[in-house]
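Now that you have both chains on their own, put them together as the hints suggest.
The listed protein sequences derive, respectively, from chains A and B. Each residue of the first sequence is one higher than the one before, starting from 1 at the first, in our numbering. Each residue of the second sequence is one higher than the one before, starting from 1 at the first, in our numbering.
Keep in mind that the hints were calculated from the coordinates and are not lab data. Just so it is clear, the structure is predicted and the values come from calculations on it, not from any experiment. Wrong hints could be hidden among the right ones.
[To be verified] Covered by chain A, according to a simulated footprint, are these stretches of chain B (three or more residues, beta-carbon under 8 Å):
| hint | segment |
| --- | --- |
| 1 | 93–102 |
| 2 | 222–235 |
[Stated by the list, open to error] Estimated spans, in silico, between C-beta atoms of each pair:
| hint | chain 1 | residue 1 | chain 2 | residue 2 | range |
| --- | --- | --- | --- | --- | --- |
| 3 | B | Ala169 | A | Arg211 | 29 to 35 Å |
| 4 | A | Leu109 | B | Leu267 | 20 to 26 Å |
| 5 | B | Leu267 | A | Glu155 | 17 to 23 Å |
| 6 | A | Arg216 | B | Leu180 | 28 to 34 Å |
| 7 | A | Leu324 | B | Pro277 | 36 to 42 Å |
| 8 | A | Asn251 | B | Gly116 | 29 to 35 Å |
| 9 | B | Asn183 | A | Asn251 | 56 to 62 Å |
Built from N, CA and C at the ideal position, the CB exists for glycine as well.
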Amino acid sequence: MSAKELTPSASSARRNDRREWHHYLPHVFVWLILLTAPAWMPLLGGYTLLATRVLVLAMAAMGLNLLLGTTGALSFGQAAFFGLGGYAAGETLLHLAPSTPLALLIGMLTSGVIAAVLGPIAVRLRGIYFAMITIAFGQAFFFIVVNWNSFTGGEDGLLGFNRQPLHFDTMTIPLHGVNYYYLALFCFALVAAFIAALLRSPLGHAFVAIRENERRLQFFGVRAGTLLWIAFTISGLIAGLAGSLYALLNNFISPSSLHWTLSGDFVMMCVLGGMRSFWGPLLGAAIYVVAENTLSSYTDNWMSFLGLIFILIVLFFPKGVLGLLRARVKA
Amino acid sequence: MELLLFNVLNGLLLGVFYALMAMGLSLILGLNRIINFAHGGFLALAGYIAYSLLPYLGFFGVLIVAPLLTAVLGVLVERLLIKRLYGRDPLFSLLLTFGLVLIMEDMIRTIWGAQGLPLQIPAVLQSALSQTYFFITGYRVLILGIAVALTIGLLLFLRFTKIGLRILAGASDLDTISALGVNIHLLRAVSFAAGIFLAGVAGVLAAGWQGLSPQMGDSLIMPSFVAIIVGGVGSLLGSLLGGLLIGVASGVTSAFYPQASQLVIYLIMALVLAIRPRGLLGKKGVFE
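Chain B with its partners taken away, still in its complex shape (with noise of 0.2 Å):
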C-alpha cells in the first residue's frame, strides 16, 4: 500500500512536469503554430543557469530569475529564427527547432560539462514532512503549489488580462484579430516567452528533483507531445489533465510492472485516439 501510494506521488510529481511542459507547448502551437522540440533544451538551459546563479541568488531567487532570463533567451530565438516560419509549412518549425536541439544540448556540454550535476536546495525542503509517509518532503510539497499556482496565474491571465484574451483569440483565427489591428509580432513573442517560462519553471524544479544534465528535457518531451494529444489539442485545460493523467499512469505502473512505466503513457495515447481521436477536451475543428 506505502509502495503504491509512493508511486502514485511520484507519477503525480513526474505528470506535473509533463503538464507543465505540455502547457507551454500547447500555448506556443496555438498561437505560434510551431511544434517547439526546442522546449526540452529551453528547460534544460534554465536548469543550468539556475545551477550557476545559485551561488549568488539562492534557491528562491534562481526559481524566479532563471525562467524569466530563459524566457528572454526564448524571445531571442524566436525574433532571430522562428518568426521566420510564421505562415509556412509546420514540418519547417519541426526541423528548424530540432536542429535548434542538437545546439542547445552541445552548448550546454561544452559550458557545464557532460556529467550530471546536482541543484541544491535549502535544507528545510529536503526533510521528510512526515515519518509514516517518508516520500512527502517539503521539496514535493513545493513543487506541486508551484504548478498549481502557476496554472491557475496562467489560466486567470489569459482570461482576465487585455493581452491574454488576443493570445486566446489569436490562437483561433489570427488573420481576424491582425485584421483588426492587434500587433501579431507582439502577441506572438509573448506567447512565446510565456511558453518558455513555464518550462524554464520546471527545469529548475526538475534540476532539484533529480540533478541536472544535458539531456535532461529529452525525457520530458516526448510525453508533453502526448499528453497534448491525450488532452486534446488546443485545450490548454485539456494539456494539463493529459499531463497529470499520464503521469499518474506512468507512477502507477511502475509500481506493479516498472518495465512498461514509459510504455503505458503510448499506449494510452492510443486508447485515447481510438475512441476520441481528438483527446479528452479537444474541441471539433481546432488545428485539422
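So that you can see chain A by itself, here it is in the shape it has in the complex (with noise of 0.2 Å):
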C-alpha cells in the first residue's frame, strides 16, 4: 500500500477527532437529565434514592465496561471490587475518621491495590477463563467477607456508620438526600470525564486494538497483558468507588453487595444499554433500576422478568438498546 493510499484515512480520523457540534447533543442531553433528575423524579413516582443509585450502580457499570466493552475481556467479578470499596468505606467511618472524603477515598484505593495485585494472575487468560477466573476472585472475597465475622458483621452485614456531612473552611454541608444525590453525581461526572479523556488517548486506542486484535498488537512489540492489567486495575478502583458511595448511600453494606449475581447484573447492565455505546452503561443500569423497582413491587416472582427481559436482550438486541437506536438512526 502506497503512502498515497493511507493519506485520506488518515486525515479523516483526524477530521473525526474535531466533531461538529451536534455531536455532543447526546451528550449535553445527558448531562441535562442528570443535573435535573432530583427536580422529576418525583414527578414521574420516583424518588432521589433511586436517581442515587443509578449513578452509583451506572458507574460501576461504566468501570466493568472498560474491560467488556473496550478491552473485551469478559469480567464477571466486578461486584467483588465493588462490595470491597463499600466494606471499606464503612470501616473508614467507623473506625478511623468521621470524614465522607476520606471513607470514599479509602474505599476506591482498596478495590484499585486488590485488582492490581491481582491483575497479573488474571490477565494471563482470555475468553471463557478470564470470566471464570474473576468470577472464583469474587468468591473468594465473599467467603472472606462473610466468615469473618468481628470484623465485617459476616452475613448481617455492616452496620452503624453514617456518612458525614462535607466541612469546608467555613461551610458544613449536610448530605441528605438532594446533597448526596450531587455529590454522587460528582464522582459520576469525574469518573465520566476520566473514562472519555481515556478512552481518546493512546492508551484507549490500545485496549480497543487488544479487543479487535491482539496478535497484531503483539506483532507491534505491545504486551496486551501489560495493557489488560492497567484496565484491570482502573475498572477495580472505578468499583471500589462506587461501592462507596453506595455503602454510605445506605448506611449499609452486606455481603450481597459482593455476590456473583450482582457481578452478572453489572455485565447484563452493560450489555442491556449497550456495550459499545458510551452511554450505555448508564441507559443499562437505569433501566435495570427502574424495572427491578417496579416489577418488584407487582409480583415476587420479579426476578424470572428480569431473567427474561435477560434472555430476550442477547437473543434479539446483542447491541443493546442503544445500539438498536444508533441502527434506526443510520437506517
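This is the structure in C-alpha cells:
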C-alpha cells in the first residue's frame, strides 16, 4: 500500500477527532437529565434515592465496560471490587475518621490495590477462562467477608456508620438525599470525564486493539497483558468508588453486594444499554434499576421477568438499546 | 482422628457432586462452547422432579427417570434458546444462562414452594454400616458407587461409541468434523443432554443427602467452575480430579478451621493457576 492511499484515511481520522457541534448533543442531553433528576424524578413517581442508585450502579457498570466493551475482556467478578470498596468505606467511618471524602478515597484505593495485585494472574487468561477466574476471585472475597464475623459483621452486614457532612473552610454541607445525589453526580462526572479522556488517549486506542486484534498488537511489540492489567486496575478503582458511594447511600453494606449475581447484573447493565456505546452502561443501569423497582412492587416473581428481559436482550438485541437506536438512525 | 476421617469422607462426597457437575459443565463447554450457568438450576429441577415422582416410582426409579426427564428438558432449552448462541461471543451464553437461572429458581419456588423439602431415601440405605465409623451409611456408599459407575460409563461412551468419539473430536475441531459430514446439531444436542443428565443424577443424590431447596444448585455451581479450572479446561479427567481435590480439601479444612472451608477452594485455584496456568491436566492450546 502506498503512502498516498494511506493519507485519506489518516486525515479522515483526524477530522473525526474534531467533531461537529451536533456530536455533542447527546452528551449535553445526558448531563441535563442527570443535573435536573431530583427535580423531575418525584413527578414520575420516582425518588431521589432511586436516582442515586442509578448513578452509583452506572458508575460501576461504566468501569466494568472498560474491560467488557473496550478491551473485550469478559469480567464477571466486578461485584467483589464494588463490595470491598463499600466495606472499606464503612470501616473507615467506623474506625478511622468521620470523614466522607476519606471514606470514599479509601474505598476506592482498597479495591484498586486489590485489583492491581490480582490482575497479573487474571490477565494471563482470555475469553471464558478470564470470566471464570474473575468469578473465582469474587467468590473468594465473598467468603472472606461472610466468615470474618468480628470485622465485617458476617452475613448480617456492616452497620453503625453514617455518612458525615462535608466540611469546607467555613461551610458545612449536610449530605441528606438531594445533596448526596449531587455528591454522587460529582463523582460520576469525574469518572465519566476520566473514562472519556482515557478512550481518546493512545492507551484507550490500545485497549480497543486488544479487543479487535491482540495478535497484531503483539507484532508491534505491545504487551496486551500489561494493558489489560492497567484496564483491570482502573475498573477496580472505579468499582471501589461506586461501592463506597453505595455503602454511604444506604449507611449499610452486606455480603450481597459482593455476590456473583451482582457481577452478572453489572454485565447485564452494560449489554442492556449497549456495551459499545459510551452511555450504554448508564442507560442499562437506569433500565435495570427502574425495572427491578417496578417489577418487585407488582409481583413476587420479578426475578423471572428480569431473567426474561436478559434472555430477550441476548437473543434479539445483543448491541443493547443504544446500539439499536443508532442502527435506526443510520437506516 | 475420627473427626478427621469424618470430614475427609464428607469432603469426598462433596467432591463427588462437584465432579459430577464439573464433568457435565466441561462436556457442554467442550463441544457446545457454552458456559452453562443454569447447570445448578437443572440440578435442582431434577431433585424436585424426583420429589414429585417418588411416590409412584420409588427411590431407585426416580434416580433414573428424573435425570432423564431433566435431560429432555435440557435438550428443549438447547434447541429453543442455546442453539442461537453457537458461534457467538461466549459472553452471550453466560448471560442467557444467567437469565435462565433466575427464571428456573422462580419457577421451582412457584411450583414447589420456597421452603426446604426432604427427599425420602429407603430406610435400608440410611442405617449405618459400621458402629465404629458411624458416618458410613449405605447411602454414602451408594453415592460414591454411582459416581464411579457414571464416570467410567461416560469415559467408555466417549472412547468407544461412534457418537462419543465424534463429541471428543468436535470438542477439538468442530469445523473439520462438520465438513466431514457429521450432523453437528445432533452432536450438540447429545452432548448437552449428557451434561444435563450428569447434573440431574447429582441433583437427585444431593436431594437425598441434604434435602431440597430452590437454590440447592447455587452452592455447587461455583466450586464446579473452579474444579474445571483446577483440573484443566478441556480435560474430563481433569474436571473429575479437580472436583474431588477441592471437595476433600474443603472437608479437611472444615475439621480444623470451618470458617475457611469454602475459601480454601479458591485459594487452591489461585495456587494451581500460579504454578500451572492451564490447570493440572490441561493441554496447551485448548480453548485460548
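Hint by hint, here is what the structure shows:
Given a C-beta distance limit of less than 8 Å, the hint that chain A covers the segment 93–102 of chain B holds, as 8 residues qualify and 3 suffice. For the segment 222–235 of chain B, the stated coverage by chain A is satisfied: 6 residues place a CB nearer than 8 Å to a CB of that chain, which reaches the threshold of 3. Separated by about 31 Å at the C-beta atoms, Ala169(B) and Arg211(A) satisfy the suggested range of 29 to 35 Å. Range check, Leu109(A) to Leu267(B): Cβ separation about 24 Å, and the 20 to 26 Å hint holds.
Here the CB-CB span from Leu267(B) to Glu155(A) is close to 21 Å, well matched to the stated 17 to 23 Å. In this structure the hint that Arg216(A) and Leu180(B) lie 28 to 34 Å apart at CB holds, the actual value being about 32 Å. Remark: the range hint 36 to 42 Å for Leu324(A) to Pro277(B) is upheld by a beta-carbon distance near 39 Å. A beta carbon spacing of about 33 Å between Asn251(A) and Gly116(B) agrees with the range 29 to 35 Å that was offered as a hint.
The supplied range of 56 to 62 Å is met by Asn183(B) and Asn251(A), whose beta-carbon atoms lie about 59 Å from each other.
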